[in-house]
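K.L.:
One letter stands for each residue in the lines below.
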Amino acid sequence: MLKSTYKPSAAALQPLPPGWTEHKAPTGHTYYYNAETKESTYKRPTAALPPAPLAAPLPVPQINLSDPNVANAFMSQYAAAAAPPPQSGRGGFGGAPGRGGFQPRPRPQPIDKPRSKVAIPGCEPWILVYTKYGRRFAYNPTKNASYWRIPEKLMPAILELDQARIRQKAAGADKTTNDEPKDSNDEPKEATVAPRPGTAPPKKEHDYDSSEYEEVEVTDDEDENEDGSAPKRQRTEEPGADGPVEFTEADIAAQLAAMGAEYGDDDDEEMGDYDEHEPETAPLSDHDARELFKDMLDDYRISPYSPWEKLIEEGKVFDDPRYTVLTTMRARREVWEEWSRARLQALKDQRAKQEGRDPRIAYLAFLQEKATPKLYWPEFRRKYKREDAMRDPKLPDKDRERWYREHINRLKLPASTLKTDLKKLLESVPPAQLNRDTQLQNLPAQVLTDIRYISLDPQVRDPFVEGYIQGLPPAPTGEDGAKEEETEATRKARDERRKRERALEERERAVAEEKRRLERRVQIERARLREEERELERAMVVGKRGLQSQLVGAAEGKVVSGSGSGSGGEMNKTDKTDKEEEE
Amino acid sequence: MPAIRPASKRKPPPEGFEDIEDDLLIFSNKMKDAQNAPTDNIPKHQAQWPIFQISHQRSRYIYELYYEKEAISKQLYDWLLKNGYADAMLIAKWKKQGYEKLCCLRCIQTKETNFNSTCICRVPRTGLKEDQEVQCVSCGCRGCASSD
Chain A
1 MLKSTYKPSA AALQPLPPGW TEHKAPTGHT YYYNAETKES TYKRPTAALP
51 PAPLAAPLPV PQINLSDPNV ANAFMSQYAA AAAPPPQSGR GGFGGAPGRG
101 GFQPRPRPQP IDKPRSKVAI PGCEPWILVY TKYGRRFAYN PTKNASYWRI
151 PEKLMPAILE LDQARIRQKA AGADKTTNDE PKDSNDEPKE ATVAPRPGTA
201 PPKKEHDYDS SEYEEVEVTD DEDENEDGSA PKRQRTEEPG ADGPVEFTEA
251 DIAAQLAAMG AEYGDDDDEE MGDYDEHEPE TAPLSDHDAR ELFKDMLDDY
301 RISPYSPWEK LIEEGKVFDD PRYTVLTTMR ARREVWEEWS RARLQALKDQ
351 RAKQEGRDPR IAYLAFLQEK ATPKLYWPEF RRKYKREDAM RDPKLPDKDR
401 ERWYREHINR LKLPASTLKT DLKKLLESVP PAQLNRDTQL QNLPAQVLTD
451 IRYISLDPQV RDPFVEGYIQ GLPPAPTGED GAKEEETEAT RKARDERRKR
501 ERALEERERA VAEEKRRLER RVQIERARLR EEERELERAM VVGKRGLQSQ
551 LVGAAEGKVV SGSGSGSGGE MNKTDKTDKE EEE
Chain B
1 MPAIRPASKR KPPPEGFEDI EDDLLIFSNK MKDAQNAPTD NIPKHQAQWP
51 IFQISHQRSR YIYELYYEKE AISKQLYDWL LKNGYADAML IAKWKKQGYE
101 KLCCLRCIQT KETNFNSTCI CRVPRTGLKE DQEVQCVSCG CRGCASSD
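Going down the list, the protein sequences come from chains A and B.
Mapping of the first sequence onto full-length UniProt numbering: residues 1 to 583, in sequence order.
Mapping of the second sequence onto full-length UniProt numbering: residues 1 to 148, in sequence order.
In isolation and in its complexed conformation, chain B is listed as follows (with noise of 0.2 Å):
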């Protein structure tokens, strides 16, 4: 097991990390309240849905920053990876066409539903049925198809 180094002799972040940082500090204090928020009278399908909902926020302010803005660095956005702020996997799936929008990717793993089916959050609005009101069971996702 490799030592474990306390945050002096720790490697800094690369640079542009302290113009992020008060936003990923915001992003896990809002994670950390949501972990900790009691989940008695809540559905037990709903109790992690603020959670998918935070962590997708944290993973699009990243993707944007880096893709879209080009505000941060390679160097940063690596390091972002590979120290949890965001998800890469669900990352890689916004580069896709058809995905732009996904909200989770529990919501497109078609083996785990009965039907083998993707979420009912990944029909587009034209095939639902007038006012059909949808909230996806995985994460509380209204609608991400990418037409919408």
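So that you can see chain A by itself, here it is in the shape it has in the complex (with noise of 0.2 Å):
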């Protein structure tokens, strides 16, 4: 986290030599400073080092804090211990506040360093050094001391400078050089690195006057710190703690969270705009979405009779996809309308086809399987009274009876007469219907109902009637071809379902992408509109010197974002509302 080139050694584990106290920069950096010398370091003095001249003076208790230099290094200390991690490397107290409420992450320690050095005219020699984030400090070289917090008795002689460097610059950007310090005779002898007058100039894109009121000490060893080079948009990420580079996704999300209730109504009806849009954007036809509504009704085995409240109170098929391919209840019902007359229409068809052979053949079936000799009719009948065979309403008493008496009667002729009747009845049936690909489970009625198909013992008679069966010449093609159309018919319906299927299956693809996207959309949407209300609350505030720090900042905002980025001149404007807060 904080990158610090120093490293402890086992001399600087040493006791610290009388009038020497040891105090945390805003950085991160531990100092020493003597209270008595007015001096400061990053090196750990040593025994070797000429000790203060006078009585050491005791830790923090003791320190004069009348005096600026050391009030600044209080401060600094003070505030460094109240927040382990400085949040800013600006201010000693700690800097801008945390506007945002969520800064999860440490930033990265900025390291600055002095980049030109200009002479305070008037005050002579005091000069204001600017760094390589365009913070400023007064600095004098004779005392050898510098302050963020610009003394008193320079303020008047900087504002003029700052106000003719303003004029310059409107008048024309190529002047600004002027602005460059010539004098690196001054230079602090401690400063291992020298600034680079002329090679940097001072960047026109900082916002020098709002630096004036930092207070933190800055000493000439700090200079040391300069091989951590730090990236220069740092400077725009430091002050605003919710700069628009430092919206992740992560942060995204975790506003989201916070804000739902807030937004919540909105999103509620968006979701719900959504919604009513879903179907339009499908691919599927209409006449798909019928028959797709239909398959669904059949795969549920929905019975054509029931009434419709009936499929709604139920609710089974609510959770089918197959239920939103229509979208409003009134088509749903007009389709399950349409689909129950088709049905029901079928299925009295199906019945009408089936009508006539059904009793009879399941009689005689029974009548082969308990049938005997032993037994008259009405002893037969009170018998197996209960069975559904003998209380079929649709066969009526008197038949049963008759064919009864015929089939106990014939069951006493001999085998042989029974055979060649069955041979006749076999050979009545037309080619069509009895052929050589007729199975034995799948007689023809015309054989099935006639007494004398059951008259032979099913033992004898099921390898008599296949025997016969593949004597017979092969079915006619006329049939092969109606049963044939009849696969062809029913294979394409299969093909069109499946299509209407994958219809389905692409467009729920499409409608789940859509959503997807609309809702990113919403929170990019959001994370803007959160910034600009965050943007509207910073323009609220106005400090102190009100409007006319808005106006500057205002041009200053504009001639860094010609030079710039749009979103730098943002910055640029938070920062300087910032810094009239703390003033």
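Some hints here could point you the wrong way.
What the hints assert, rightly or not - When the alpha-carbon atoms are kept at most 20 Å apart in a straight line, the in silico EDC-like pairs for lysine to aspartate or glutamate are as follows: (1) 492(A) to 319(A); (2) 310(A) to 33(B); (3) 11(B) to 466(A); (4) 424(A) to 466(A).
Read the hints as simulated data drawn from the structure, not as lab findings.
Here the structure is a predicted model, which is why all the values come from computation and not from measurement.
Two independent chains are provided; combine them into the complex using the hints.
P.N.:
Following this line, the structure appears as structure tokens:
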């Protein structure tokens, strides 16, 4: 986190010589200060150094706070203790208060260094030093003291200097080089790396006025930390805790969580709207949608006789995605109506086909199983009155009796006669119904409903019938054609259905994709909205300097946004308001 | 008094009854529930509403099966009417123009009202005030005009 090049050595752990106190700089570095000599250094003083001439002043409580230097040092230490990872390298008082309220990561420590200096006219030994990050401090080379907070006596001169600079800037950018300090002689002696005058003109994008009231003491030794070169844009980052640069996905998510309640209503509304529009984006045709709905009704085995209310009350179909392919209840009901009509018609047709064959076949099969010559008809009927075949209302009782008697009589005949009778029966069936392809289970109704078929014992009869069928010619082609056509129709229906289902899947994917996109957009919009709100809030805060500072800031911001990016300009403005707040 | 016959000796219902048997059973269960529901906290005039409504639904079900979908036979339809599964008088009204959605017979009984008028639920939506919500006294109908 803290990038310090300082390595504690064994010597470093020796006790400090008397007069020296250990402090924490706002940048996180430990430095040492001698209140008596007004000397401060990052290097741990050892006994080898000349100890302070006066008797050892004790640590903190005895510091003379009336001395601005000492006060600076003390305050910086105090701030460092209060907030161990300093949030801002700029101010000793913790810098900008965290406005956004969420700064989970500590920001990288900026490493500042002097860039240029200007002699302050009128107050001769003093010079104004600009740092890499556009801050500045007053430095007195003769007293070897420097202050972030500009001493009162220098204030008017510096203000004048600034005004001149602004005027110059307005007059022409090329003249700004005149501001550059020419004298590098007055460099602090402790500085290991001298600021390079001329090579680095003061950066115009920085708002110099704003750093006037910085209160951290910067010692000359600070220049030692130049090796850790920080990227320039840290300057824009550090004061505004919540610049757009720092808006990452995680932040947005966190904000969303926090602001969920605030914007919940809008959200719901949007989602609701979205649901309304969902079907319109579907590539599904109307016909396909209707067919899908009908497929669903088929799949759930909905009875076509049941009323519509039952379907809705049961709600079995609500979870099916095919339920939503139709958007309105009216449309669903319409399709349901259509479907139930078709289904009822189909059922009717099917019934009509089966009509007539069922009761007799079941009854004759039953007779073959149960009838014996030992029982008279009344006895037989009484014995089996509970059986379905005996209770079928479609068969008159008289017919039942007749068939029973007939069957009993035929059972007494010799097997050869029965065989010839059966053969005659089979021969009477047209080849379209009975041919080589006919299965034993699918004998035509004409055979099954004949009394001659059941007279013979099944163990004898079945091989006989099978043999007879094998001797038959194959089925006429006409029937085959019909059958094939039927399978063709079913295959076609199946294909169509598969196609529809594919279309539905496609649509669902598209809808999900759309949903995701929309959500993302909503998030982004919300973040932007919040950003604007925050900006507004910032703009509402007017410091002591009031309109003037705002106007100056606007002018500066314009210049900056001309040279840099728009957001940079914004940031500068926010910096200003921050500082005014502090003031 | 005719002898009460056991179920086994009774004439079976006409063909096709088994198709609609389940749905009719659901209706009769609902009707039983409605009849047995306590009416302590319900206004007196509202106590009969669910019974009217279920009876209407069942009649409508049979009417649609026979007249619109033609899913049941004439025999079965007659048998259902005879056995009280549907209200023949109500169905007779439904066949008349202007009464296609009639909720109950009481709502067109003008002689029982003060001003010899039909029920409010017979008034078309266009004849009502904007956003006027009606629910008729006799059966809780919210509007059964044919034009709605």
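K.L.:
Taking the numbered hints from earlier one at a time, note which ones the structure violates and give those numbers from smallest to largest.
P.N.:
1 and 3
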